[in-house]
Amino acid sequence: MQSPAEIVQHSGGVIGVSWLMIALPLLGAAILLLGGRRTNKWGHFLGVAMSLGAFVVAVLSFVELLGLNPEDRRRAFELFEFIPGMVNMGMLIDPLSISFALLITGVGSLIHIYSIGYMSHDRDRRRFFAYLNLFVAAMLLLVLSDNYVGLFIGWEGVGLASYLLIGFWQHKPSAATAAQKAFIVNRVGDFGLLIGIFTIWTTFGSLAFADLTHQVTGQASEGTLTAIGLLLLLGACGKSAQLPLQSWLLDAMEGPTPVSALIHAATMVTAGVYLVVRSGAFFEAAPTAQLVVTIVGVATLLAGAIIGCAKDDIKKGLAGSTMSQIGYMMLGAGLGPAGYAFAIGHLITHGFFKANMFLGAGSVMHAMNDEVDMRRYGALFSVMKVTAVTFIIGYLAIIGFPLLSGYYTKEGIIETAMHHNEILGWLAVLGAGLTGFYMSRMVFMTFFGKKRWAEDAHPHESPAVMTVPLIILSIGSIGLGAYLVLGNRFLTFLSPAVGLPQPADMPEPHVFGVGPAALATLALVAAGAAFAWFRYGAAEVPAVAPRGSFLTTFARRDLYGDALNEALLMRPGQWLTRIAVFFDSRGVDGLVNGLAAGIGGTSGRLRRVQTGYVRSYALSILFGAAAVVGALLYVGNM
Amino acid sequence: MTTHYLVLSALLFAIGGVGVLVRRNAIVVFMCVELMLNACNLAFVTFARQHGNLDGQLIAFFVMVVAAAEVVIGLAIIVMIFRTRRSASVDNANLLKY
Amino acid sequence: MPWLSILMAVPVLGAVGVALLPKGSDKLAKQVALLVSLVVLGLTVAMAVQFSPNGNRFQFEEKYSWIPSFGVHYGVAVDGIALVLIALSAILVPIVILASWHDAEGAVAAPVRDAKGATETADVKTEVVPPKRSAKTYFALLLVLEAMMIGVFAATDIFLFYVFFEAMLIPMYFMIGSYGGVQRSYAAVKFLLYSLFGGLLMLVAVIALYVVAEKNTFMFPELIGAIQDPTTQKWLFAGFFIAFAIKAPLWPFHTWLPDAAAQAPAGAAVLLVGVLDKVGTYGMLRFCLELFPEASKFFTPLVIVLSVVGIIYGAIVAIGQTDMKRLIAYTSISHFGFIALGVFAMTQNAQSGATLYMVNHGFSTGALFLVAGFLIYRRGSAQIADYGGVQSVAPLLAGAFLIAGLSGLSLPGLAPFVSEFMVLIGTYERYAVPAIIGATGVILAAIYILWMYKRTMNGPTAESVKGFTDLNGREKWVVAPLIALIVAFGFYPKPLLDVINPAVDKTLTNAQVTDKQPVSTVAEKKGAGQ
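Here the protein sequences line up with chains A, B and C, keeping their order.
Everything in the first sequence is counted per UniProt numbering, starting at 1 for the first residue and increasing by one.
Everything in the second sequence is counted per UniProt numbering, starting at 1 for the first residue and increasing by one.
Everything in the third sequence is counted per UniProt numbering, starting at 1 for the first residue and increasing by one.
Since the hints were made in silico from the structure, they are not lab data.
The C-beta atom is built at its ideal place from N, Cα and C for all residues, glycine as well.
Any given hint might turn out to be false.
[Unchecked claim] Taking lysine to aspartate or glutamate pairs in the EDC-like style, the calculated list, with each CA pair at most 20 Å apart, reads:
#1 C/K494 <-> A/D313
#2 A/K41 <-> A/D122
#3 C/K215 <-> C/D229
#4 A/K181 <-> A/D456
#5 A/K450 <-> A/D562
#6 A/K172 <-> A/E422
#7 C/K454 <-> A/D313
#8 C/K454 <-> C/D323
#9 C/K466 <-> A/E540
#10 C/K494 <-> A/E81
#11 A/K451 <-> A/D505
#12 C/K297 <-> C/E463
#13 C/K454 <-> A/E81
#14 A/K172 <-> A/E371
#15 C/K506 <-> C/E294
#16 A/K172 <-> C/D505
#17 A/K181 <-> A/D589
#18 A/K450 <-> A/D313
[Unchecked claim] Here are some chain C residues the structure puts well away from chain A; computed CB gaps all over 12 Å:
#19 Y313
#20 R430
#21 G467
[Said to hold, decoys possible] Far from chain C by the CB rule (all over 10 Å, computed), these chain A residues:
#22 G157
#23 K172
#24 L194
#25 I306
#26 V588
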């Protein structure tokens, strides 16, 4: 096994100004938010320009990085002192971060362009672009920081952008609630991440990635490392919608569709995978934590797939699928260096094909008066060919159709998992079969079969500003996987950042590259697709959802995740709040006010002694004098 | 030797005290106060005699002066009260309460 | 140049000037007050620039004998901790004056509501509670308060500190009692009695300190280490601490704050929570720890428990509030828990963080109270249920509210995050479990802020909110500097920390505590490198 290369300080060149990647979109967001209505006319162009600018910087940095020797490809440079004595803000440009930067700015720019068309009728389009730019800046800060504090700032920054964008149509109560839910559930994860960071600091006295090498982490006790790993995983679960913090993602579909594509499919939700891979130095020394990562991954990939099978809302179906695919990535990330390249590779190809499909779904919704119920679609292939073809390419990629992007990366994860642990492997294969079913169901219900449109629907193809990004993304969905995986190209590229696996950890290459797991996967996927065709392609699809069996209801209700949260957390929380408020006003404050009332009452009684009769005063004087004299005598005689 | 004087002084003081406590007429109360003051004077003079110095005598003079001043002001107040309320009963002048 | 005396004299003279203005010249009074406070701000900046963080501990020292027979001095000076707090006061006062333009015209009474507690119609009968005193008096009181706030942080003589500590109550009492809402007298008296009770305990401790120390002086620097006997330390510590805990306020001495903050006009509430209450935590850091190091260590577990309870309890009760201003007040109780936790965790990071927290909390809660004040001024009600969908009609107002709220929940990138992070990480170095429990406050903060935001700003626009105007020019000038500071210090807290750190270092030395070092190779490597 080869450890990651050491991080060296860098100066000059494009990498030296790579902070522009963050600064440009941040500037864009600031101008658009502070500029107000004045910027309404050209705001969206500025947003696109800033995102493209960041992309250009990313590409140039990438080129410069490629010009260096592989072992020198981890370049860090300091920007400024953040908390003196604890942490300095700086950038880390290495193969891992630059891969993310390219994905974020590349796919991000395409989605920016698409949004010009998609949001053209919204009077708040400027604000939308401001938030998108803010998101890009925060996401880049997350992946480009050279320390955990910077990562955490970006981490919460994307959370904020996500909150703002889910709740973009804030006048809808459902959107506002979904946004709030996303933020709060994420905060639970952030809590874990925060404690994880604290533990790292108190154990190692540094929060910079450059200091936290394998040699350093190896010296801590395994218990500490496992704790750190699990805490970081909790953070990752929040952001990446993994079990048990998955419930926000489906609701997050309340946001405009480009948001779902960019944030809740391609980039932000994959931040958890980034965190796990970036923190490899901790996970690789803590097998228990790694095992938990893989279990969470597998559980989520199955749960997401099951949810995806039952959703009639096209966006929620895709959201379930996103959960499921991130489960695959998580699984890969839990397998150590052998899985990292596939996990990140799948993350990148998924970024393409899932963004592709989300934007396609957006295009369909745009055409169908924002209808999201697939039972009201059908036979759309003939009216919107570009959207349909690009969507189908994305679909083929996600189900792992041979030679398309998803096939290579997902197959890589399954093979590695199988090599690592057979149970995990077969469960992942099962997940792939489910993917075949629910994605086929989606395609058949949307583009084929009979028209089930609402009466006032007049579907039409979307304008070029929306279809061109779709075409570009679908090209990525076709070829990217093969490019990355064949010849271990991506594995080699990433190795300076994440290390190389021991040969024994790698699955043996099969003849013609197709092993039993791959065959089983293909067979299951084909069966799933065929079943979907039988149910939703060939047969009539009712426009109103039938009641369905217990299992269907179970999946439709998101595996009762919300019900569980409500029963376990919300209800007791509400009770606790009520009790606390009561205790505060009656208990604590009651005590204080009671004391005040007691004193008041006592003095009210004592007041009555002042009768106004001179004689009674004289008598009390007499008694007083007698008492004083008596006391004096008593003391004097002692 | 001087015990008799002191006993007399105490008796006078007690009589004055009881008078202040039980009588309602302001004038009588007032006179009782004077009685108590003079009982004190008697005691002072007695002690002066007993200790053989003049301190007690001196204080007795002070008390007389103060008592005289007191009489002037006190009687003026009583007269005013009597004029406004047509009564010199101390129990009727109980407005200053609670 | 006697900078600190000038800083106190200018607002006092300004207050006299404002008070002497002829009747009916309220507008002029506001302008003069604003001008005076800006002059103070300018002077403070001029002073702060000359402060050298790594120089003597106390700078700009002035010391004159005041009551020679008891060794009482007029002694003022600042270290890094006091300096940033004085700067906070000097920054907040002009903003508050600008924000309070209409506060002295009377608070708006709560609207008449139906059985369900909601007011549906737009023409809610709102009655104005007329103020008891003129507007110019309000601004004169504000300036007097400013002088006292500067004095209390600058005092190095403990007797002088006590005088300012108590005298501060008077202007605030009148500001609440004369210009507040319906229940203003109740709130003002409660505030006064609570504070006086604490103050008296402190007075006893101050006198006892003087007597026991036998140094014939009240000067703080000379009294450090004067008390050695642990039992004496404990009693004196208790006297000081209870006063500060009431002031801060720490759980369970907190119930005066929601009443006072809810009844006070928004500007006064900002100064009350933003600055006055900091005197409590400042006092713990300055006096309790340094004068009574043994007792501080003895009481640390108790204080940490109180702080953690305060963090969680304040947050939970805040979630259940129906009144915006009360809600913000309870969030502050939670935040004061963090500050006290940081002070008593006794690590460099925690105490620097706690000091920074005092400053940042002033900005963030200030912004939150002021924006809520704008909202309440428009609608005439502080009840959350009376709002809804404000964002659609007044986006800037909503945006300002959101940013202020997000800083209240310590969103990274905004100033309060840095301080909360430092407090928690510093506490975690020594007391892991309290830090973990305290960190759950992070989740609760998201709930109370965002839920309030959702109920007031999001959703369909309520009938009563439809006529809202967005922020006007004056209000923008109120919000802009606060938000600018919150964002700037969120990304670059170094200028503040550079001033605070040496002072905290001294405090820790005098409190006889050494920082806990992480056990690792990284730290060793770094240590060797230095």
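Now for the hints, and whether the structure bears them out:
Under the criterion of a C-alpha separation no larger than 20 Å, the hint pairing C/K494 with A/D313 is inconsistent with the structure, at around 49 Å. Our distance criterion of 20 Å between C-alpha atoms is met by A/K41 and A/D122, whose separation comes to about 13 Å. Of the supplied pair hints, the one linking C/K215 and C/D229 holds, its CA atoms being roughly 15 Å apart against a limit of 20 Å. Restraint check for A/K181 and A/D456: the C-alpha separation of about 34 Å exceeds 20 Å, so the hint is violated.
For a cut-off of 20 Å, the pair hint linking A/K450 to A/D562 is broken: about 34 Å separates their Cα positions. Using a Cα cut-off of 20 Å, the hinted pair A/K172 and A/E422 is violated, with the two alpha carbons roughly 47 Å apart. Distance hint between C/K454 and A/D313 is unfulfilled; the C-alpha atoms sit about 25 Å from each other, more than 20 Å. For the suggested pair C/K454 and C/D323, the alpha carbons sit about 14 Å apart, so the restraint of at most 20 Å is met.
A threshold of 20 Å between alpha carbons decides the hint, and for C/K466 with A/E540 the separation of about 48 Å lies outside it, so the pair is violated. Simply put, C/K494 and A/E81 have alpha-carbon atoms about 7 Å apart, close enough for the 20 Å limit, and the pair holds. At roughly 51 Å between alpha-carbon atoms, A/K451 and A/D505 are farther apart than 20 Å, so this suggested pair is violated. Of the supplied pair hints, the one linking C/K297 and C/E463 is violated, its CA atoms being roughly 57 Å apart against a limit of 20 Å.
Pair hint C/K454 plus A/E81 does not hold up; C-alpha atoms about 36 Å apart against a cutoff of 20 Å. Among the hinted pairs, A/K172 with A/E371 is consistent with the structure: their alpha-carbon atoms are about 16 Å apart, no more than 20 Å. For a cut-off of 20 Å, the pair hint linking C/K506 to C/E294 stands: about 16 Å separates their Cα positions. With a C-alpha separation of about 52 Å, the suggested pair A/K172 and C/D505 falls outside the 20 Å cut-off, and the hint is violated.
A distance of roughly 33 Å separates the Cα atoms of A/K181 and A/D589; the hinted pair therefore is violated under the 20 Å criterion. Under the criterion of a C-alpha separation no larger than 20 Å, the hint pairing A/K450 with A/D313 is consistent with the structure, at around 18 Å. Its closest Cβ contact with chain A, about 6 Å, brings C/Y313 to no more than 12 Å, contrary to its assignment away from the interface. With a least beta-carbon separation of about 9 Å from chain A, C/R430 fails to lie farther than 12 Å from that chain, contradicting its non-interface assignment.
Taking the minimum C-beta to C-beta distance to chain A, about 17 Å, the non-interface status of C/G467 holds against the 12 Å cut. The Cβ of A/G157 sits about 6 Å from the closest Cβ of chain C, inside the 10 Å cut-off, so the non-interface label is violated. For A/K172, the non-interface assignment is contradicted: its Cβ lies about 8 Å from the closest Cβ of chain C, within the 10 Å cut-off. At roughly 6 Å, the least C-beta separation between A/L194 and chain C is not larger than 10 Å, which violates its mark as non-interface.
For A/I306, the shortest C-beta to C-beta distance to chain C comes to about 28 Å, beyond the 10 Å cut-off, and the non-interface label holds. Under the 10 Å C-beta cut-off, the non-interface status given to A/V588 relative to chain C is violated; the minimum distance is some 5 Å.
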